[in-house]
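The chain contents come next:
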Amino acid sequence: MNSSYNVKAMNSKAVDLNLLSSFHPRETFAQRSALVQAFKFFILAVVWLSIIFVVAAGAGLTFAWKAPFVFNELMPTWFPAIDKQIFKNLADIHAYLAPTVVVATIIPVNALFMVLCERKFLSLLTVRIGPDAVGPNGGLQTLADALKLLFKEDTVPKNSDPILFFLAPALFFAPSMVVFLPLLAVAANRLGGFIYADLDISLIFILGFLSLGTMSLVMAGWASNNKYSLMGGLRAASQAISYEIPLVLAIISVIMLSGSVNLFEISEAQAGGILNWNLLGNGELPRILNLFASTNGNFFDGFVTLVYVILCVSLFLIFITASTAEVNRIPFDIPEAESELVSGFNTEFSGMKFALFFLAEYTNLFIASAIASILFLGGSHLPISIEAEQALYSALTNINISLPVIGTFNGMFEGLNFVWVITSVTLLVKIYLMFLVAIWVRATLPRLRQDQLMEFGWKYLIPLTLAILFLMAIILEYIKS
Amino acid sequence: MQFLATISSLPFYILATISIICALGMILNPNLVRAGFTLIGSFIGIAGLYFLLNANFVAVSQVLIYAVGIVLVIVFAVMLCSLKEEAHNIKESVFSSKARVTFAVLISSLVFAVLSFVIRSQDWQAIAKLTGAERQSSLVQLVDDKYLSQIGFLMLNKYILPFELVSVLLLIVLVGTILLSKKDIK
Chain R
18 MNSSYNVKAM NSKAVDLNLL SSFHPRETFA QRSALVQAFK FFILAVVWLS IIFVVAAGAG
78 LTFAWKAPFV FNELMPTWFP AIDKQIFKNL ADIHAYLAPT VVVATIIPVN ALFMVLCERK
138 FLSLLTVRIG PDAVGPNGGL QTLADALKLL FKEDTVPKNS DPILFFLAPA LFFAPSMVVF
198 LPLLAVAANR LGGFIYADLD ISLIFILGFL SLGTMSLVMA GWASNNKYSL MGGLRAASQA
258 ISYEIPLVLA IISVIMLSGS VNLFEISEAQ AGGILNWNLL GNGELPRILN LFASTNGNFF
318 DGFVTLVYVI LCVSLFLIFI TASTAEVNRI PFDIPEAESE LVSGFNTEFS GMKFALFFLA
378 EYTNLFIASA IASILFLGGS HLPISIEAEQ ALYSALTNIN ISLPVIGTFN GMFEGLNFVW
438 VITSVTLLVK IYLMFLVAIW VRATLPRLRQ DQLMEFGWKY LIPLTLAILF LMAIILEYIK
498 S
Chain U
-14 MQFLATISSL PFYILATISI ICALGMILNP NLVRAGFTLI GSFIGIAGLY FLLNANFVAV
46 SQVLIYAVGI VLVIVFAVML CSLKEEAHNI KESVFSSKAR VTFAVLISSL VFAVLSFVIR
106 SQDWQAIAKL TGAERQSSLV QLVDDKYLSQ IGFLMLNKYI LPFELVSVLL LIVLVGTILL
166 SKKDIK
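Going down the list, the sequences are from chains R and U. Just so we're aligned, residue 18 is where the first sequence starts under this note's numbering, counting upward by one. Just so we're aligned, residue -14 is where the second sequence starts under this note's numbering, counting upward by one.
Hint data in this document are derived by calculation from the structure and do not stem from the laboratory. Accuracy of the hints is not assured; some may be wrong.
[As the list claims (entries may be wrong)] The list that follows gives simulated cross-link-like pairs (lysine to any residue, SDA-like), each with its CA atoms no further than 25 Å apart:
#1 U:167 x R:251
#2 R:175 x U:17
#3 R:476 x U:152
#4 U:143 x R:272
#5 R:105 x U:-3
#6 R:175 x U:10
#7 U:167 x R:470
#8 R:476 x U:155
#9 R:497 x U:-6
#10 R:175 x R:161
#11 R:244 x U:54
#12 R:244 x R:347
#13 R:244 x U:18
#14 R:105 x R:86
#15 R:497 x R:146
#16 R:497 x U:-3
#17 R:105 x U:-6
#18 R:476 x U:156
#19 R:497 x R:310
#20 R:165 x R:124
#21 R:244 x R:357
#22 R:476 x U:104
#23 R:175 x R:368
#24 R:476 x U:164
#25 R:497 x R:316
#26 R:175 x U:20
#27 R:244 x U:133
#28 R:497 x U:58
#29 R:244 x U:57
#30 U:143 x R:273
#31 R:497 x U:135
#32 U:143 x R:490
#33 R:105 x U:37
#34 R:476 x U:132
[Said to hold, decoys possible] These stretches of chain U come out as covered by chain R in the derived footprint (C-beta under 8 Å, 3 or more residues):
#35 53 to 60
#36 83 to 91
#37 95 to 109
The C-beta atom is built at its ideal place from N, Cα and C for all residues, glycine as well.
Generate coordinates for the entire structure from the input sequences, incorporating the hints supplied.
Structure (structure tokens):
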């Protein structure tokens, strides 16, 4: 994690520390206050998040924003000789392609900032400065790293299985790309072409395709023809199988709670303030006050609500734990435990193949954070009342911008809908808050041993989640009636 | 939309080709692990076909159950049997190679016959033309809004016995696996 300055000086035999510091005067952490560091990190995060948002929105807008208007209204007037049907088809294709294009642009840009964010925030937590040489406050460090990985030599070990070795990184990356699509429907509030990305069973879809990643890890481990890689692959498989059960059971409880398997509908059900979030019992929290009004004989009602809210919070914690294990993060990163397995399943991979593994891991973490924030933290809704949100939304719909300069293009700027800006920014901020929690966990907890991991999963987590599922089914019957 | 409708048969042929090639690769590949991975490819191709037919839930179940399941098979293949010994053992099998091929052809053609009989027995053209109320009463209920809850309801009411029998089958498999892997200790 430490960035090395002035490689030339470091590589020469006589490294004079004073000389080094005269090349690049370094500040230690103690010289800056923690508050200044945190503020600098905040500025970095705001800048990078707006870059991510602008890139993704720009890509999406080019395809989804009034594409039908351009193709159906403008193009035929420009090229009257060409059949109108062709433009209609082009408009359809553009609308369908919009989510895919956004996914293809947001994943690399987002991963760049996620890695940087992890390194900077981790250094904050462990009282270091972190990367600060490339760009302002180290803001371009990961860009340089990515370029370096692109130009690295791609080595294939002797006696490896060449086909599987070639396929494994790509097949690890592909599911995370596919799984991104339904999230966009939530983020863009089903705008225009993004409604095609909204599957009716998007939650199960995400679970199903995320589990495909395990296959690629086993494939990578097997194809490398390296015992450490193989062990890493096998560990990945055993871990994914063990922790998928509590993850799915926790999600089933949430599905019972919100009565839908569509992420957009689950997000909609939590509109209207923090109390309506699934984390705090989807709006039932005030019934706890019945505990103290025992004169009315409603003590039982208050008690059941208390148990219910505790169950909801514990479901959230279980979900975070299990999804951390699913995406192979510390403290559950035993498939690539450096102290035991060199680097696990990705030991033999170099250059672009390694970059793909890296990219996919961070994207998976992003997706896990996104599911956590949609299932428990209100999804794409602001923590304000439904009325205020509706007022905000109606102010942002049907906006007409008239610009005299652009003439025929004016139709493009009529009846605009900017609700997606609010929803996607809200979701992005929530996802990054969840991501910061994941980094915090990483900075705090040591790695588990393989047997500890299995024991924790099978002996504690699964029975606990089963019990919660059972209790939740009974309590929901009572609460919702 | 019309344009997309005209090219919509193209994905079918692509997916069908993928799944057939992968299935052939699974049968013809002597390497157990590679065969497992090609089997996953075949299942994913079939899942894609389900997506094309608008049966999203079936498609995702296909991926969720089979992909991870086959990964388990591969892991067992790696852990439980040494691959060289396995290749050696196949030659000394109880049945001759001819008998095995005959059995395989017999069983697969039987499955094919049953499946094609079931598919043929439905008049799909007529079902596609049915309106909402008629469709509800017909044997095949095509996709509607609440099909997921319908699946759950039917599974725990009308088809509770097969559902439980499948669970018992899983239990038997679990016990059998433990028995097989503990063979040496006995």
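**Request:** Starting from residue 497 (chain R), check that the Cα of residue 135 (chain U) is at most 25 Å away, please.
**Result:** Holds - the C-alpha atoms of residue 135 (chain U) and residue 497 (chain R) are around 21 Å apart, at most 25 Å.
**Message:** Between the alpha carbons of residue 497 (chain R) and residue -3 (chain U), is the straight-line distance 25 Å or under?
**Reply:** Roughly 45 Å between the alpha carbons, so the hint for residue 497 (chain R) and residue -3 (chain U) is violated.
**Request:** Measure nothing beyond the straight line between the CA atoms of residue 244 (chain R) and residue 57 (chain U); if it is 25 Å or shorter, mark the hint as holding.
**Result:** 19 Å, holds
**Message:** Check the hint pairing residue 143 (chain U) with residue 273 (chain R) against an upper bound of 25 Å on the C-alpha distance.
**Reply:** Holds: residue 143 (chain U) and residue 273 (chain R) sit about 22 Å apart, inside 25 Å.
**Given pair status - residue 164 (chain U), residue 476 (chain R), alpha carbons within 25 Å** = Holds, because 22 Å separates the two Cα atoms, which is no more than 25 Å.
**Prompt:** Under the criterion that the straight-line Cα-Cα distance not exceed 25 Å, is the pair residue 244 (chain R), residue 357 (chain R) satisfied?
**Reply:** OK: residue 244 (chain R) and residue 357 (chain R) at ~12 Å, within 25 Å.
**Prompt:** Does the alpha-carbon distance linking residue 175 (chain R) and residue 20 (chain U) stay inside the 25 Å limit?
**Reply:** Holds. Residue 175 (chain R) to residue 20 (chain U) sits at ~22 Å (cutoff 25 Å).
**Message:** Between the alpha carbons of residue 497 (chain R) and residue 146 (chain R), is the straight-line distance 25 Å or under?
**Reply:** Violated, at about 51 Å.
**Asked** residue 143 (chain U) and residue 272 (chain R): Cα distance at most 25 Å?
**Response** Holds, at about 23 Å.
**Asked** Taken at face value, is the distance from the CA of residue -3 (chain U) to the CA of residue 105 (chain R) at most 25 Å?
**Response** Holds, at about 24 Å.
**Prompt:** Do the alpha carbons of residue 244 (chain R) and residue 347 (chain R) lie within 25 Å of each other, as the hint requires?
**Reply:** Answer holds: residue 244 (chain R) to residue 347 (chain R) is near 22 Å, not above 25 Å.
**Message:** So if I understand the rule, the pair passes when the alpha-carbon distance is 25 Å or less; does residue 476 (chain R) with residue 132 (chain U) pass?
**Reply:** Status violated; Cα separation ~35 Å.
Hint compliance for this structure: hints 9, 10, 15, 16, 22, 27, 28, 34, 36 and 37 are broken, all remaining hints hold.
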